[in-house]
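Visitor: All letters in the sequence shown, in the order written, are residues 1 to 368 by the UniProt record's numbering.
One thing to keep in mind: the hints can contain errors.
No more than 20 Å apart at the CA atoms, straight line, and that leaves these computed lysine to aspartate or glutamate pairs for EDC-like [as the list claims (entries may be wrong)]:
(1) K219 <-> E249
(2) K100 <-> D118
(3) K100 <-> E168
(4) K358 <-> E247
(5) K100 <-> E237
(6) K219 <-> E97
(7) K354 <-> D251
(8) K198 <-> E140
(9) K354 <-> E222
(10) K219 <-> D142
(11) K219 <-> D251
(12) K358 <-> D254
(13) K100 <-> E247
(14) K245 <-> D340
(15) K245 <-> E338
(16) K298 <-> D320
(17) K354 <-> D254
(18) K245 <-> E128
(19) K245 <-> E232
Just so you know, the hints here were simulated from the structure itself, not pulled from any lab data.
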Amino acid sequence: MLSPQDDLLGHQTPTTFNHVASSDERWTERYWYSGAPIDLPGVVLDLGLGWYPNRNVMDAFAGVTVDGVQTTLRVSRRLGRDPLGARVGPLGFQVIEGLKRHRLTLGENRSGLSFELDWLATFDGLQEAQSFRRKRNRVEEDLTRMTQFGRLQGWIELNGRRFDVAPETWWSQRDHSWGIRSRMQTDMASNDSLPAYKDFFWFWLTYQFDDFALSLFLKEREPGAPFFLSGEEVAREGRTRHVIKVEHEIDWADDPLGQTWTGGTLDLLYADGGRRRITLDPQPGRFFLKGGGYGGHKGWNHGDDMGREHADHYVWDLSDPETRRQARQLGDHFTRVECDGAVGWGMSEYGVAKGYPKYRIAQAHEPL
1 MLSPQDDLLG HQTPTTFNHV ASSDERWTER YWYSGAPIDL PGVVLDLGLG
51 WYPNRNVMDA FAGVTVDGVQ TTLRVSRRLG RDPLGARVGP LGFQVIEGLK
101 RHRLTLGENR SGLSFELDWL ATFDGLQEAQ SFRRKRNRVE EDLTRMTQFG
151 RLQGWIELNG RRFDVAPETW WSQRDHSWGI RSRMQTDMAS NDSLPAYKDF
201 FWFWLTYQFD DFALSLFLKE REPGAPFFLS GEEVAREGRT RHVIKVEHEI
251 DWADDPLGQT WTGGTLDLLY ADGGRRRITL DPQPGRFFLK GGGYGGHKGW
301 NHGDDMGREH ADHYVWDLSD PETRRQARQL GDHFTRVECD GAVGWGMSEY
351 GVAKGYPKYR IAQAHEPL
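Taking the hints into account, I'd like the entire structure generated from these sequences.
Guide: In structure tokens:
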């Protein structure tokens with residue numbers, strides 16, 4: 001099917017833009033944005049969109065946590081005659097200027113959440129190391145991801161409460177990924193048996209300061225021996241540096257509801273021989289990505305065909321034990337960070353599984 005994108009240069013296959021080179025139904029292209037006000041550390045905004053061309057589906061979510069209550073809208077549609085339009089129901093994503101300015105809008109809906117926001121880049125984008133692995137000779141994952149830092153401007157409204165969003169105080173980060181994506185299954189409503197995660201520690205961190213920004217993705221089975229490490233730093237003027245080693249000492253809460261960072265340090269070694277120490281100061285604000293469908297929720301997984309149009313919404317009290325049990329672990333934890341006297345802000349995603357040699361205090365809870 002022809003679309004306006006077919007007037008542009010850049011086709012990668014001898015077909016129209018709405019087709020991809022792989023017929024694997026797991027082929028996914030995804031947007032993710034998150035942001036929070038540095039003067040209201042109990043507030044976190046999260047939203048994202050997924051495009052599944054081999055499943056004829058596009059889905060998206062938007063949500064906000066305010067003082068321990070998380071409100072989330074999920075929406076889905078079939079691609080139909082608009083296979084590349086980045087809008088699902090009332091939720092829209094628009095690239096005004098590539099790598100510079102995006103527009104994020106959520107119209108009236110039953111969740112009570114709406115917004116009109118511009119995302120404004122503060123740094124050049126960073127390309128993460130390619131995530132490629134095979135399982136039993138089959139490609140399990142082959143994924144490219146870029147990360148970029150920015151600020152938000154506009155407004156958010158939740159059940160009549162309005163937040164004026166100014167770039168001076170609303171710090172943000174986003175990613176854009178595409179390729180064959182492994183399926184994460186953590187839905188307690190699933191008829192499938194859930195995988196037993198064990199013997200690993202992971203984090204994905206996106207932090208920005210006034211002069212530089214940092215994206216770190218680490219997975220390891222024992223301290224100091226990662227089986228995946230992608231670490232990229234970008235300076236305000238665009239210069240990049242590569243992290244080649246990370247040493248971590250994380251403080252964990254004795255939290256009966258789940259895994260929670262309370263502080264810690266990261267010691268980074270760069271390919272150019274430089275070093276940095278990042279001190280972590282996690283804030284109250286947290287958004288659990290289960291609300292956005294990560295790992296599946298209530299039998300609805302990313303990319304599922306829910307019909308021509310579908311929507312649902314959830315309001316979660318994050319102090320409730322049963323809610324936290326269903327929300328699992330994967331989430332964006334707003335974090336204040338320090339480095340050489342400079343203060344920055346960003347999001348921390350993390351987890352530790354049973355059997356990892358450190359951080360046993362948190363291992364009673366699931367890592368994802």
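Visitor: Decide, hint by hint, whether the structure agrees.
Guide: Comparing the hints with the structure gives:
1. K219 <-> E249: The hint holds at about 15 Å.
2. K100 <-> D118: holds, 10 Å
3. K100 <-> E168: Distance of about 17 Å is within 20 Å: holds.
4. K358 <-> E247: Measuring from Cα to Cα gives roughly 12 Å; hence the hint holds.
5. K100 <-> E237: holds, 14 Å
6. K219 <-> E97: Not satisfied, since the Cα-Cα distance of roughly 34 Å exceeds 20 Å.
7. K354 <-> D251: holds, 17 Å
8. K198 <-> E140: Roughly 19 Å between the alpha carbons, so the hint for K198 and E140 holds.
9. K354 <-> E222: Satisfied, since the Cα-Cα distance of roughly 12 Å is no more than 20 Å.
10. K219 <-> D142: holds, 16 Å
11. K219 <-> D251: holds, 18 Å
12. K358 <-> D254: holds, 15 Å
13. K100 <-> E247: Answer violated: K100 to E247 is near 33 Å, above 20 Å.
14. K245 <-> D340: holds, 19 Å
15. K245 <-> E338: holds, 19 Å
16. K298 <-> D320: holds, 18 Å
17. K354 <-> D254: holds, 16 Å
18. K245 <-> E128: Distance of about 15 Å is within 20 Å: holds.
19. K245 <-> E232: holds, 11 Å
The structure fails to meet hints 6, 13 from the earlier list, while all remaining hints are met.
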